[in-house]
Every structure is written in structure tokens, then in C-alpha cells.
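Asks: Please model the complete structure; the sequences and the hints are all you need to start from.
The lines below spell out each chain.
Protein chains: 2
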Amino acid sequence: MKEVLQRNNWDIVITGGTLITMSAGMEIIKDSFVGIKDGLIVAVGQDIDGGCAAFHARETIDASGCIVMPGLVNTHTHLPMVCFRGMADDLPLMEWLTGHIFPAEARFINKKTVSCGATLAMAEMILSGTTTFCDGYFFENAIAEALCAAGMRAVVSQGFADFIMPDKPAIKKMMTAAQHFVKRWLPHAPLITPAYFCHSPYTCSPETLICVKEAAREAGLLYLIHLLETKDEASTILNRYGKNPVRHLLDLGVLDEQTIAIHCNWLDKEDMAVFADLGVKVSHNPESSMKLAAGVAPVPEMLRHGITVGIGTDGCASNNDLDMFREMDTTAKIHKVTSLNPIIMNAETVCKMATMGGAKVLGMDKLIGSVETGKKADIIMVDMNQPHLTPLYNCYSQLVYATRGADVKTSIINGRIVMKDRQLCTIDLQTAINNVRKIAAGIMNQKMC
Amino acid sequence: MKEVLQRNNWDIVITGGTLITMSAGMEIIKDSFVGIKDGLIVAVGQDIDGGCAAFHARETIDASGCIVMPGLVNTHTHLPMVCFRGMADDLPLMEWLTGHIFPAEARFINKKTVSCGATLAMAEMILSGTTTFCDGYFFENAIAEALCAAGMRAVVSQGFADFIMPDKPAIKKMMTAAQHFVKRWLPHAPLITPAYFCHSPYTCSPETLICVKEAAREAGLLYLIHLLETKDEASTILNRYGKNPVRHLLDLGVLDEQTIAIHCNWLDKEDMAVFADLGVKVSHNPESSMKLAAGVAPVPEMLRHGITVGIGTDGCASNNDLDMFREMDTTAKIHKVTSLNPIIMNAETVCKMATMGGAKVLGMDKLIGSVETGKKADIIMVDMNQPHLTPLYNCYSQLVYATRGADVKTSIINGRIVMKDRQLCTIDLQTAINNVRKIAAGIMNQKMC
Numbered sequence: 001m002k003e004v005l006q007r008n009n010w011d012i013v014i015t016g017g018t019l020i021t022m023s024a025g026m027e028i029i030k031d032s033f034v035g036i037k038d039g040l041i042v043a044v045g046q047d048i049d050g051g052c053a054a055f056h057a058r059e060t061i062d063a064s065g066c067i068v069m070p071g072l073v074n075t076h077t078h079l080p081m082v083c084f085r086g087m088a089d090d091l092p093l094m095e096w097l098t099g100h101i102f103p104a105e106a107r108f109i110n111k112k113t114v115s116c117g118a119t120l121a122m123a124e125m126i127l128s129g130t131t132t133f134c135d136g137y138f139f140e141n142a143i144a145e146a147l148c149a150a151g152m153r154a155v156v157s158q159g160f161a162d163f164i165m166p167d168k169p170a171i172k173k174m175m176t177a178a179q180h181f182v183k184r185w186l187p188h189a190p191l192i193t194p195a196y197f198c199h200s201p202y203t204c205s206p207e208t209l210i211c212v213k214e215a216a217r218e219a220g221l222l223y224l225i226h227l228l229e230t231k232d233e234a235s236t237i238l239n240r241y242g243k244n245p246v247r248h249l250l251d252l253g254v255l256d257e258q259t260i261a262i263h264c265n266w267l268d269k270e271d272m273a274v275f276a277d278l279g280v281k282v283s284h285n286p287e288s289s290m291k292l293a294a295g296v297a298p299v300p301e302m303l304r305h306g307i308t309v310g311i312g313t314d315g316c317a318s319n320n321d322l323d324m325f326r327e328m329d330t331t332a333k334i335h336k337v338t339s340l341n342p343i344i345m346n347a348e349t350v351c352k353m354a355t356m357g358g359a360k361v362l363g364m365d366k367l368i369g370s371v372e373t374g375k376k377a378d379i380i381m382v383d384m385n386q387p388h389l390t391p392l393y394n395c396y397s398q399l400v401y402a403t404r405g406a407d408v409k410t411s412i413i414n415g416r417i418v419m420k421d422r423q424l425c426t427i428d429l430q431t432a433i434n435n436v437r438k439i440a441a442g443i444m445n446q447k448m449c
Numbered sequence: 001m002k003e004v005l006q007r008n009n010w011d012i013v014i015t016g017g018t019l020i021t022m023s024a025g026m027e028i029i030k031d032s033f034v035g036i037k038d039g040l041i042v043a044v045g046q047d048i049d050g051g052c053a054a055f056h057a058r059e060t061i062d063a064s065g066c067i068v069m070p071g072l073v074n075t076h077t078h079l080p081m082v083c084f085r086g087m088a089d090d091l092p093l094m095e096w097l098t099g100h101i102f103p104a105e106a107r108f109i110n111k112k113t114v115s116c117g118a119t120l121a122m123a124e125m126i127l128s129g130t131t132t133f134c135d136g137y138f139f140e141n142a143i144a145e146a147l148c149a150a151g152m153r154a155v156v157s158q159g160f161a162d163f164i165m166p167d168k169p170a171i172k173k174m175m176t177a178a179q180h181f182v183k184r185w186l187p188h189a190p191l192i193t194p195a196y197f198c199h200s201p202y203t204c205s206p207e208t209l210i211c212v213k214e215a216a217r218e219a220g221l222l223y224l225i226h227l228l229e230t231k232d233e234a235s236t237i238l239n240r241y242g243k244n245p246v247r248h249l250l251d252l253g254v255l256d257e258q259t260i261a262i263h264c265n266w267l268d269k270e271d272m273a274v275f276a277d278l279g280v281k282v283s284h285n286p287e288s289s290m291k292l293a294a295g296v297a298p299v300p301e302m303l304r305h306g307i308t309v310g311i312g313t314d315g316c317a318s319n320n321d322l323d324m325f326r327e328m329d330t331t332a333k334i335h336k337v338t339s340l341n342p343i344i345m346n347a348e349t350v351c352k353m354a355t356m357g358g359a360k361v362l363g364m365d366k367l368i369g370s371v372e373t374g375k376k377a378d379i380i381m382v383d384m385n386q387p388h389l390t391p392l393y394n395c396y397s398q399l400v401y402a403t404r405g406a407d408v409k410t411s412i413i414n415g416r417i418v419m420k421d422r423q424l425c426t427i428d429l430q431t432a433i434n435n436v437r438k439i440a441a442g443i444m445n446q447k448m449c
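Chains as they are written, first to last, in the working numbering: chain A, 1 to 449; chain B, 1 to 449.
No lab work stands behind these hints, which were simulated from the structure alone.
The C-beta atom is built at its ideal place from N, Cα and C for all residues, glycine as well.
One should not assume that every hint holds.
Simulated pairs of lysine to aspartate or glutamate, DMTMM-like, Cα-Cα distance not exceeding 20 Å [claimed, not checked]:
1. K183/A x E214/A
2. K438/B x D383/A
3. K438/A x D383/B
4. K183/A x E145/A
5. K420/A x E59/A
6. K37/A x D11/A
Covered by chain B, according to a simulated footprint, are these stretches of chain A (three or more residues, beta-carbon under 8 Å) [what the hints assert, rightly or not]:
7. 80-87
8. 282-292
9. 326-332
10. 391-400
Replies: Here it is as C-alpha cells:
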């Protein structure tokens, strides 16, 4: 092995950690090595010589005492909403949304606040082990620019809705801007995948839903939509269109394997059959739906139907953090307790959802989601030498039930080290914090006027 | 103010933080100071001069950018179970308990493993903001000794049950040992409050339940019992004694204001009326009960009945961590989603439960639970200069929904600094980690034989 490896001039080699590959065979390799070159994983194996000396790489990362694993995939975020973190909690959902969040967005969301909010959110995500996210908001150009600077991987989608949004007032204008956004980013930025995001069946007219889906199909892009977050949504759509939301979207022809349905707390068995049949993907956001008292998605049943499910945090106004490890813990526990069945959701299944599951939801499973030769080098190292991670019997259990974002030590995205020993390499953290503090001070002052 | 303060020669002064007092008036003081002398809080106020120069203290802790607040009270732990963290997860409850936990306890729990486990657990607790806990296990002498070294405050209770326990086989022997334990610690160690702990109505005979309660009453001690953790427990007790568990305990005369009932997931309205009437206290352990699929305690209804409720983590075999901040987050969210009511449990209520609520449950509300003059100096400082804690609109929201144990920077118990800038002052962390790793290696080897 030494001879073969020495011929490689890798950019980075990660040595000594326990590698959780998340490959189809769920292989776990102790005393592992991972070779990285030109953004790709070019070699994975066991370091039988037990030292770094055998590897020729520009940079060696000693991951002894760490779990090495694929970076986490957060399938649903509204990054700039970090600006509203904790601004309006413990309120009835519609009062929260229409009395606080929508007015605050109309008043305070602009290119600058989006850029600052997104940068802070990316700092938080990198520091807690996320390497890829899927965002839907406004002024997504500003998010894409911030993302290029931070070096994260993402699906970035411009939002559509038929009431006044802070950036774009009408469908035609929205579509022009969205197409411009796609044209700008699609061919030029390998880490950015543009997409279209219709807010929901209750805020988008059938015309908007169809028009945006057609544009998405034409460009071969993902189509995102909040769906069945609350029980009320079903009756709203039934009253308005005489059918339930999934049937409504099915009849409009917007459901297919390029569609990501977010939340799905009130999906019934018929809906699941439709999703399974058409290959519709689901983003599960348990903490946000708990905090908003929206409901618990029937994820075990979805998985039994063969539906692809990823995990997301949602925005920080309804969570209030972007820590995917915390979300994994909650995902395992909430389904156990609501079904009163402790074996309905296990740690391994949750780890899959947060890595390969998320990658599949975003159509990126050929690129990311596991640590295997040929995949993009999106890798995190979790420092297991901590009291709350001692002892270590089962890696999946430890990652789901005891690990937290702050335990991630080093993070690599697309072969670039974005955090090393808890220090961010691509974002000036204190500036990011100060910028959002200033925005919040402005919001507080104006709210008090 | 300067003149008055300069006459004091305090041991410690904490300056510059935002003080969340958790007093009856829920006062919040910006740019605060807290003076500590001889283990007590001797002065609390606003540092109007904005500097430390005005204070005469042996040690000054600059808490600028921090929330200063009472240490958290964990009302239910089995510390040595950290040795089993992640050993057997995602299993049916009875298989987990009788197939894994009880046999592992019988085989591997002894004075040495209890001591090592308790020390590691205390390291984890101090590092995540807990200053007081309530433990029930075996070999509690070893736990009390470890506690003296670590400098934590605790109720430490010797366990009773009518099947073979790893340390004591029969009630008389158990009682002798327990009384010896109480005599040893009651008068000599100000941080230790001995208590008695009957495992549950289904593992303790009526004779044991009564005998232990009488001994507790005689010595003026707390009496702890797991109660209605699972739905099955109600039918087990009904079949065995012809009444439900609360009525069973009521008729045995073991319920009073010195009784702490742990879990109470299946408490009904009649049970709550009994608890409210007799002043029985409740320890709420949401994450453990979620993970074991045991149920969700009706805490909002308990609070409406006027029952005193504290929060606990339970042992690490069923959680799998001791992070009270995580437990607070879950407490708020689980009740919202199970009731589909986002206003049923707010962040302020949860903060109260984790501090003053816990103190009341343990009968220590005159001593701890708030930062007020005359109380014991059990104080933590949470570093808010972090991306996931930015911006800061509402302290209670931030503490419950975004803060995690790792954000606690400095911790003081009984006027002694036990952690400073994330470094433990009373426990050798690496030794504590290594000791439990060795125990786990032994368990893994023997399990494989």
C-alpha cells in the first residue's frame, strides 16, 4: 500500500480517525485514511502502517480520536432569518407569521440584511457540521454571493408567492428575476445549484404554481414547496379548491421527482402513495414543527412507502438554531414517543437521512452524502475525546443521541478546509456577528417606535 | 455605591454580564455585578460605574458578553450510567431494561465503576451548566465521595428495590446501609443532602415502600420514586393491587411534600389533584421518555394544578447526555407539538422549571435557584458571543431555544469556581474520560464472551 500511495500527490490526507463512510454497505473503517485531490475523494482505506509518513499530501490532518464522516446535508433553511432569531417566540402560529415575521420581512429584509444574515448562518452551519444546505428566500443573489465567499455547497432557490414580497411584487417580475438568477449562477459556480421555490399552495395561485414548475422543468431545476405544515392548510385548500393539497398539486402537474415537499406533517396514506409513485422528495423539519406546534410528520410511514426523506432545520425564527446534530437527536426521539414504539426509528436510519438521504433529496447523491472514492470531498471530523461522548460503543448512537454541533472540529467542503480546530477559515466570525447585531438593533429600535 | 462596595472584601465579583436573576420578580439586570463571600451571594446590582475598579474582591470575573444566571438544577440522574451510554439503544423498553441494563448493572457496577462514572458525569454536568443534581443509584457513598472532590451540590439517594441489586440483596441490609450512608453524610458535607429512593411501585413491595418512607420521615429526608413512566405500569399495578399506582402509593401513605415522583408520564387529572393536595413534587425527563417511547408527561396540566415541576435528564443510558440546556429546549417544544398549541409552554416557564422549579422540587429554594443576596453562590456564565446566539432579542428564548451546554463559559458552586473559561478546576478531565473508557472496554470484551 505504501508504494501505491506514495505515488499520489494529494492535496490533503486525513489520517487516524474512525471513518463512517455512509456508503451503501455502511462500512466503518478504524484507523482510516482519506486522500483528497482537486476537490475529490481519491482514496479511502485503512492506514495499516498506522502513521502519516506513508502519505504524500500537501496537508495532513490528524483525525485521531475523531469520527470522520460525510458533512451533514440541511435540506431546508431560510438563512437570513437568523436576523429574527428569538424576536417573536411562543406565539400562536398565524400571529407569529402575519403579525411578526411577514411584517419584519417586508420592513427589514433587503440585499444587505440578506447578505449579513446568510453569512452568519453559514458560520453557524459550518461550526456545527453542515456542508450542504438547501435555501429558499428572497434576494438569493446576495445569498449566492455570500456562499461563494464562505465556500459552502447549496441549492439556492428564489421564492415565489402571490402576496407582496420584500423584493418582487408580481409573478412576471418574479419570474424574470428568478431566470436571471439561474442564468447568472447555473454555469459558473460549481457549489451553487439554483432552484425555484413556491412558498406554499395557500400563498401561491394555481397559475403561479404551474408557471414556476414549467420554468423549473425547462431549466432542469428542483422545485421546492412548503406543504401540509399545519392541519389547517388541508381545510384551507379544500375550501378553496375542493380537494386536499396533494391532490391539488397533483392535478396541477407540479409533482415529480424534481419536487421537494417541505414539512409534510399531515401527509396521509394516499398522499404517500402519490409521492412514492412520482418520486416526490420530502424535507423533514421536526424542531421547527414542534416549536410552531404544527405537527409531527409521519416519517416512519414515508420511509416504509419508499419515499426519500432528508432532514432540515428550517429558518432560525422557528427552531431557533441550525444545528443538524440537534435535529438528528430530535428526529429519532420524536417518532419513538409519538408512536410509543422505541424501535420505529433508529440512530443508523437518522444518520442516513442526514447524509445520503439529504443528498438524494437534493439530487446530489452521485456527488455527496458519503465518503467514497470519486465523490466530492465534503467531510467533517467530530472530536470524540469529550466527556459527553465517552464511552463509545456505537458510532451511530453517539452521533445521534449525544453529539452536538460544537463537537465538530474540522470541516472540508469540495476539498477546501473551511474550518480547522474550530476556527473558521472562510468567514470573519466577529464581523459576521457584529453585522447581524447592528441589524437587530435597528429592528428593535424601529419596533419600539 | 462605590463607597459602600469598597468596604466589602469579597471573595469574587462577577461584573459586566446581563444578570437573569430568576427571582420572584424575574428581574433582569444589564451591566450587572454579583459579589460573593464565604459561598454566599452578598451583593447584586447594576454596575453604574461600568468598571471593575470599584469592587474590592480577591478575584474578578469579567462576564461582559455573557448571561449570568443561577446554575441549572437537574432533578433526576443516575450518574454511573454514563458507563452504559450508547451501549444498547433503539430497543423495546423491557428488552433494553431486563436484557441489557439490569444484567450490565449486576455484572459491572461496583464501587470503582460508580466512582469513575460519577466523576465523568459531573465533568459533563459542570461543562454544560448544571450546578445541582438529584441522583439515585447504588454505592452512593462512592458518588458522595466523588461529589466532594468535584465540588457539586446534590441530593444523593441510595436505591431500594425488591429484586437483587448489585450492592445490597435484602431490605434490612439495604436499610442498614442506607442509614449508615445518611449518618455518614448528613452532618458533615454541606453540599450533600442524603435521601432515600424506592425504584418504583412495580419493583418495590408495599412493605419496602412503607419501611423506606418511614425511615425518610424519621430523618426528615426526601423520598424519591419512579412513577408512571410507562402506560403498562398502570395496568401492572392495577392487576397486582386492584388500584392505580398513585392511589396505591396514597393508600400506603408514602405521598407527601417530601416525595419526588419521577417521570409521571401517565398521570391523570385525579392523580394531579392528589399531588397538588399533598404537595408531591415532580421531576420531568422529556428526552429520556421520548427515547424510550415511554410517553409525554402532562406538564402544562400539572403546572395548572399548582404542582411543582423540575426538569431532569435521567441517566445516560436513556438520553444519552446530561445537557440541561438541550432538555430545556425539548421541554418547551414537546408540549407545544403534542398539544398542537404553541403558547402552552413558553421559554420563561421552562427557565423557571430548570432553576427555581428544580430548587423547589429538592426543597432547596431558600438556598439556590436564583441569584439573590443571601442565597448560595451557584452561578453560571453563558458566553453569548457566538453565531448561534446572535442576535439577542429575548434572553429566555435564547437560553431555551438556542443555547447549548457547550456555551457555558464559567461556573461557580457554593462560591467556588469549578470551571473557568471552559477549563474544569476540580476534575482531571482526561483521567475521568480514560477511566470510563477502560470500564467500557471491559464491558465490551465480556459481552462478547
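Asks: None of the hints should be skipped; say for each whether it holds.
Replies: Quick rundown of the hints versus the structure:
{"no.": "1", "hint": "K183/A x E214/A", "in the structure": "holds, 16 Å"}
{"no.": "2", "hint": "K438/B x D383/A", "in the structure": "holds, 19 Å"}
{"no.": "3", "hint": "K438/A x D383/B", "in the structure": "holds, 19 Å"}
{"no.": "4", "hint": "K183/A x E145/A", "in the structure": "holds, 14 Å"}
{"no.": "5", "hint": "K420/A x E59/A", "in the structure": "holds, 12 Å"}
{"no.": "6", "hint": "K37/A x D11/A", "in the structure": "holds, 5 Å"}
{"no.": "7", "hint": "80-87", "in the structure": "holds (count 5)"}
{"no.": "8", "hint": "282-292", "in the structure": "holds (count 5)"}
{"no.": "9", "hint": "326-332", "in the structure": "holds (count 4)"}
{"no.": "10", "hint": "391-400", "in the structure": "holds (count 6)"}
Every hint, counting from the list given before, is met by this structure.
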